[in-house]
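2 protein chains.
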Amino acid sequence: LEQNQTHAEQETMEVTLKTEVEAGASGFSVMGGGNEGIFIKKVLKESPASKIFSLREGDQLLSATIFFDNIKYEDALKILQYSEPYRVQFSLKRKIAGKEELEHIHSTVQYKKERVSQVDI
Amino acid sequence: LEQNQTHAEQETMEVTLKTEVEAGASGFSVMGGGNEGIFIKKVLKESPASKIFSLREGDQLLSATIFFDNIKYEDALKILQYSEPYRVQFSLKRKIAGKEELEHIHSTVQYKKERVSQVDI
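Residue numbers (the UniProt record's numbering), protein chains in the order written: chain A, 1 to 121; chain B, 1 to 121.
You may find that some hints are simply not true.
Stated by the list, open to error - Not the full set, but computed from the structure, chain B residues with beta-carbon under 8 Å of chain A:
1. Thr12
2. Met13
3. Val21
4. Gly24
5. Lys41
6. Leu44
7. Ser47
8. Leu61
9. Ile71
10. Lys72
11. Ala76
12. Leu77
13. Ser83
14. Gln89
15. Leu92
What the hints assert, rightly or not - Calculated lysine to any residue pairs in the SDA-like style (CA-CA distance at most 20 Å, straight line):
16. A/Lys78 <-> B/Met31
17. B/Lys18 <-> A/Glu84
18. B/Lys41 <-> A/Gln81
19. A/Lys95 <-> B/Met13
20. B/Lys72 <-> A/Ser50
21. B/Lys42 <-> A/Gln81
22. A/Lys41 <-> B/Glu84
23. B/Lys72 <-> A/Met31
24. A/Lys95 <-> B/Gln60
25. B/Lys93 <-> A/Ile96
26. A/Lys18 <-> B/Gln89
27. A/Lys95 <-> B/Phe39
28. A/Lys72 <-> A/Ala23
29. B/Lys45 <-> A/Glu84
30. B/Lys93 <-> A/Leu62
31. A/Lys93 <-> B/Glu22
32. B/Lys95 <-> A/Met31
33. A/Lys78 <-> B/Ser29
34. A/Lys95 <-> B/Glu11
35. B/Lys41 <-> A/Ser91
36. B/Lys51 <-> B/Ala23
37. A/Lys93 <-> B/Gly32
38. B/Lys72 <-> A/Ile52
Just so you know, these hints were derived from the structure itself, not from any lab.
All C-beta atoms, glycine included, are put in the ideal place defined by N, C-alpha and C.
Construct the complete structure from the given sequences, taking the supplied hints into account.
As structure tokens, this is what we get:
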């Protein structure tokens, strides 16, 4: 058992991390692109990138979720335009007429119920 | 019971939906911004926005997750720059030295284990 633990300590592991959801992700630069992927190049000490988001140099940026509450129209538009060629997933709020329409959503599109009020389409 | 069902059918509900994760979200326009929120203004019939993402006019765009695989450096940079003032969450891949460093991540930052290899920081 002890030998296994020693082995585990020496091993290099790859973990997938999710940062906090916060505004003002400043104080870092990125490098890479294309097949290579996007990596954190430099993180300024004491910056939000370091203190709030816990970004570290060398981290690979897999995805960014941008929340659209209180966003300027122009900024939302730019983000949507620049991300158009790439894989995206949207989270939407939709008003539906009631049970009947909800059942229509369920039957016509693939979905996974996440909460009572949340479905994937 | 029947009366309850009738009532449920007349009710207007608000649901939160997640779209498919796909590239090429074209064929829609947005409106709004600020306190109001961002809403889908127009969706072109037969467009990816309609067919793949199932966007509907009037949907509120709560968030967009942009995946950085095969993204151009310049586009990633623009997306990060435009989203800086707003609430964001990053998904990262990090190489760690092994068990010891993993325990360090666990002890110093708040996290929620999602899978064996996935932690929230």
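Hints versus structure:
| no. | hint | verdict |
| --- | --- | --- |
| 1 | Thr12 | holds, 6 Å |
| 2 | Met13 | holds, 5 Å |
| 3 | Val21 | holds, 4 Å |
| 4 | Gly24 | holds, 7 Å |
| 5 | Lys41 | violated, 11 Å |
| 6 | Leu44 | violated, 14 Å |
| 7 | Ser47 | violated, 12 Å |
| 8 | Leu61 | holds, 5 Å |
| 9 | Ile71 | holds, 5 Å |
| 10 | Lys72 | holds, 5 Å |
| 11 | Ala76 | holds, 5 Å |
| 12 | Leu77 | holds, 7 Å |
| 13 | Ser83 | holds, 4 Å |
| 14 | Gln89 | holds, 4 Å |
| 15 | Leu92 | holds, 5 Å |
| 16 | A/Lys78 <-> B/Met31 | holds, 13 Å |
| 17 | B/Lys18 <-> A/Glu84 | holds, 17 Å |
| 18 | B/Lys41 <-> A/Gln81 | holds, 15 Å |
| 19 | A/Lys95 <-> B/Met13 | holds, 6 Å |
| 20 | B/Lys72 <-> A/Ser50 | violated, 24 Å |
| 21 | B/Lys42 <-> A/Gln81 | holds, 15 Å |
| 22 | A/Lys41 <-> B/Glu84 | holds, 17 Å |
| 23 | B/Lys72 <-> A/Met31 | holds, 10 Å |
| 24 | A/Lys95 <-> B/Gln60 | holds, 9 Å |
| 25 | B/Lys93 <-> A/Ile96 | violated, 38 Å |
| 26 | A/Lys18 <-> B/Gln89 | holds, 7 Å |
| 27 | A/Lys95 <-> B/Phe39 | holds, 12 Å |
| 28 | A/Lys72 <-> A/Ala23 | holds, 14 Å |
| 29 | B/Lys45 <-> A/Glu84 | holds, 17 Å |
| 30 | B/Lys93 <-> A/Leu62 | holds, 7 Å |
| 31 | A/Lys93 <-> B/Glu22 | holds, 19 Å |
| 32 | B/Lys95 <-> A/Met31 | holds, 17 Å |
| 33 | A/Lys78 <-> B/Ser29 | holds, 12 Å |
| 34 | A/Lys95 <-> B/Glu11 | holds, 10 Å |
| 35 | B/Lys41 <-> A/Ser91 | holds, 16 Å |
| 36 | B/Lys51 <-> B/Ala23 | holds, 13 Å |
| 37 | A/Lys93 <-> B/Gly32 | holds, 14 Å |
| 38 | B/Lys72 <-> A/Ile52 | violated, 26 Å |
The earlier numbered hints that this structure contradicts are 5, 6, 7, 20, 25, 38.
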